[in-house]
Amino acid sequence: MSLKTQANIERPDDFYQELIDLHRDLSEEQSRELNAKLILLLANHIGDMTVLSEAMNAAKKDIEAK
Amino acid sequence: MLNTYQYPEFDYVQSEEQKSGTVKRHKAVIIGAGPIGLTTALDFAKQGIPVVILDDNNTVSIGSRAVCYAKRPLEIWDRLGVGERMIDKSVVWKVGKVFRDEELVYQFDLLPEDDHKIPAFINLQQYYLEEYMIDEAKKQYGDLIDFRWKSKTISLKNQGDHVALQIETPDGVYKMEADYVVACDGANSDTRKMLGLDFEGQFFQDRFLIADVVMKADFPAERWFWFNPPFHRNQSVLLHMQSDDVWRIDFQLGWDCDPEEEKKPENVIPRLKAMLGDDVEFELEWVSVYQFACRQLQDFKCGRVFIAGDAAHQVSPFGARGANTGVQDIDNLIWKLKLVMDGKAPEKLLESYSEERVFAAADNLLNSTRSTDFITPKSAVSKAFRDAVLDLASDYEFARPLVNSGRLSMPTPYIHSSLNTPDEDTFDGKMVPGTNCADAPVNVEGTEGWFLNHIADSRFKVLTFNTDPGFKKLDINGIPCDVIVVGKDMLDIKNRLKERYDAKDGTTYLLRPDQHVAARWRTFDQHKIETALKRATAQL
Chain E
1 MSLKTQANIE RPDDFYQELI DLHRDLSEEQ SRELNAKLIL LLANHIGDMT VLSEAMNAAK
61 KDIEAK
Chain A
1 MLNTYQYPEF DYVQSEEQKS GTVKRHKAVI IGAGPIGLTT ALDFAKQGIP VVILDDNNTV
61 SIGSRAVCYA KRPLEIWDRL GVGERMIDKS VVWKVGKVFR DEELVYQFDL LPEDDHKIPA
121 FINLQQYYLE EYMIDEAKKQ YGDLIDFRWK SKTISLKNQG DHVALQIETP DGVYKMEADY
181 VVACDGANSD TRKMLGLDFE GQFFQDRFLI ADVVMKADFP AERWFWFNPP FHRNQSVLLH
241 MQSDDVWRID FQLGWDCDPE EEKKPENVIP RLKAMLGDDV EFELEWVSVY QFACRQLQDF
301 KCGRVFIAGD AAHQVSPFGA RGANTGVQDI DNLIWKLKLV MDGKAPEKLL ESYSEERVFA
361 AADNLLNSTR STDFITPKSA VSKAFRDAVL DLASDYEFAR PLVNSGRLSM PTPYIHSSLN
421 TPDEDTFDGK MVPGTNCADA PVNVEGTEGW FLNHIADSRF KVLTFNTDPG FKKLDINGIP
481 CDVIVVGKDM LDIKNRLKER YDAKDGTTYL LRPDQHVAAR WRTFDQHKIE TALKRATAQL
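Residue numbers (the UniProt record's numbering), protein chains in the order written: chain E, 1 to 66; chain A, 1 to 540.
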């Protein structure tokens with residue numbers, strides 16, 4: 001597994017708050033647009049297709065499990 | 001509507017066999033005289049094989065239709081003697097631009113390299129292309145190519161050692177037989193239905209309006225694609241220059257439109273005025289509405305019938321993958337049929353047609369489906385990602401390669417083909433076994449020319465660099481193979497062969513009659529060449 005799944009963000013609460021604040025007062029459509037852009041920016045930063053595929057699968061697996 | 005082109009009408013002539021009521025056995029019958037059927041006829045005739053070509057109509061394509069022709073099919077037409085005339089008449093281009101609103105977001109160059117004879121792309125109305133091939137057929141092969149206009153195939157059946165057909169003409173129905181049939185009768189192929197073959201794939205719920213417009217305009221010879229332009233909001237538009245001041249404009253219409261209404265000039269003209277402005281004078285030449293599909297057969301061979309072109313595979317038009325792939329189907333098939341007809345290769349070789357071209361069609365389908373998903377997103381999330389890519393592309397370089405307005409047709413190397421001999425030596429570059437040969441400027445016997453024109457006679461070639469084996473020909477189980485020594489028989493005047501084939505002294509390539517690499521080594525070894533040729537003709 002190339003995808004890091006151990007805690008890797010130094011101040012998790014700060015990150016989480018910024019993420020939620022980012023969506024404040026946005027419509028669902030605007031939030032979807034924002035998320036899409038964020039995913040594309042982060043995906044390009046990561047660049048490694050193996051990591052990206054693992055992340056996509058990990059995200060989906062959780063949804064299917066529910 | 002205006003006509004910049006005079007459509008020829010070909011005379012229907014009752015065939016001798018229908019007149020006399022005798023059932024004749026033909027070596028090869030082609031169904032459909034469109035771009036693919038005509039290419040088939042020329043390739044058969046070039047190999048000396050007489051053919052009958054049937055078409056239910058008696059003129060060329062109505063409207064510009066296919067329009068964009070790519071480098072590889074043009075190389076094939078050049079091999080068949082018609083490429084130069086097509087290029088001379090056409091608009092040559094290689095740059096594509098993608099706009100969003102009014103802003104340029106992405107640009108691509110399809111042929112960044114020099115020293116190729118054939119350009120990356122040309123635009124030419126399909127009727128010219130067909131007319132030139134018919135001219136060539138009549139001029140060069142009048143005795144080999146038997147055109148039968150107004151001849152509709154109404155039944156077709158595999159009968160073990162032949163195919164039985166029934167043909168309907170203005171004089172009634174007659175029977176004929178064929179050793180082999182090539183079905184090039186297009187997307188709505190009756191032949192495919194008669195054989196009971198089904199497509200796999202999907203239809204897209206979107207429609208496009210195509211207009212051929214005659215005007216004097218100063219757009220450059222480039223492919224321009226707009227997402228959400230001010231003159232056609234929430235949809236896309238494509239613009240291409242053709243010859244004779246004819247311009248091709250495609251408008252995305254969406255699914256909730258009435259195609260018959262949209263085709264009416266009173267509805268088309270306002271769309272064009274919105275795009276071109278009120279002061280541009282133009283006239284409509286041809287209008288059509290299409291819905292597109294991405295689907296293919298799982299096998300392109302059914303007994304003694306070969307299915308090619310749109311009859312075998314359909315893709316969305318963004319990428320010019322329709323006619324361009326069909327021509328490559330034929331390039332792949334005819335040399336194999338010739339060897340089998342001559343008893344020099346086993347029937348098994350014909351199965352590799354389906355193996356190699358189904359693989360290529362799947363690659364085309366994948367590319368075409370991806371483009372279509374970008375241009376016509378199927379869900380709200382898919383649309384959100386598409387719009388996000390377009391938004392980001394104006395500020396960030398990384399998003400530009402994600403913009404997909406059609407990835408333009410490139411040949412698919414047959415990298416997994418059973419005809420290939422896998423590399424045992426180390427090579428760099430693109431010329432892996434199964435790949436179509438790169439062109440290069442060469443000098444042969446004091447005359448400058450192009451490499452591909454020197455390997456264009458549908459025979460196997462051995463290309464060896466700076467090592468003279470001392471003989472010019474090999475005969476391998478009756479299959480002739482010419483030896484070309486680079487540095488002696490052929491001068492690599494700009495070192496492009498060396499570069500493109502990653503050649504060192506002794507490097508040796510075995511090339512197929514369709515100008516594809518079958519095998520390569522770092523040394524000349526006659527035994528290995530013989531084995532590789534046997535593999536490339538399904539004798540192993």
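Bear in mind the hints are in silico, worked out from the structure with no lab data behind them.
No experiment lies behind these values; they were computed from the predicted model shown.
In this text, a Cβ means the ideal position worked out from N, Cα and C, and glycines have one as well.
Warning: the hint list may mix true and false statements.
Lysine-lysine pairs mimicking DSSO-like chemistry, simulated, CA-CA at most 30 Å apart [as the list claims (entries may be wrong)]: (1) E:K61 - A:K301; (2) A:K89 - A:K494; (3) A:K472 - A:K383; (4) A:K138 - A:K24; (5) E:K37 - A:K383; (6) A:K27 - A:K378; (7) A:K264 - A:K301; (8) E:K61 - A:K378; (9) A:K97 - E:K37; (10) E:K60 - A:K383; (11) A:K301 - A:K46; (12) A:K273 - A:K301; (13) A:K301 - E:K37; (14) A:K378 - E:K60; (15) A:K27 - A:K138; (16) A:K473 - A:K46.
Here's a subset of chain A near chain E, in silico, CB distances under 7 Å, partners left out [unchecked claim]: (17) A384; (18) F385; (19) F398; (20) P401.
Structure-based check of each hint:
1. E:K61 - A:K301: Not OK: E:K61 and A:K301 at ~41 Å, beyond 30 Å, violated.
2. A:K89 - A:K494: Within the cut-off at roughly 29 Å; holds.
3. A:K472 - A:K383: It is violated: about 60 Å lies between the C-alpha atoms, which goes past 30 Å.
4. A:K138 - A:K24: 22 Å, holds
5. E:K37 - A:K383: With Cα atoms ~12 Å apart, E:K37 and A:K383 stay inside 30 Å; holds.
6. A:K27 - A:K378: 47 Å, violated
7. A:K264 - A:K301: 41 Å, violated
8. E:K61 - A:K378: At roughly 23 Å apart (the allowed maximum being 30 Å), A:K378 and E:K61 satisfy the hint.
9. A:K97 - E:K37: 23 Å, holds
10. E:K60 - A:K383: 19 Å, holds
11. A:K301 - A:K46: 23 Å, holds
12. A:K273 - A:K301: 48 Å, violated
13. A:K301 - E:K37: 46 Å, violated
14. A:K378 - E:K60: Answer holds: A:K378 to E:K60 is near 19 Å, not above 30 Å.
15. A:K27 - A:K138: 19 Å, holds
16. A:K473 - A:K46: Roughly 21 Å between the alpha carbons, so the hint for A:K473 and A:K46 holds.
17. A384: 5 Å, holds
18. F385: Holds, because the Cβ-Cβ distance from A:F385 to chain E comes to roughly 5 Å (cut-off 7 Å).
19. F398: The hint holds - A:F398 has a Cβ within 7 Å of chain E, the shortest such distance being about 4 Å.
20. P401: 10 Å, violated
In this structure, the earlier hints numbered 1, 3, 6, 7, 12, 13 and 20 are contradicted, and the remaining ones agree with it.
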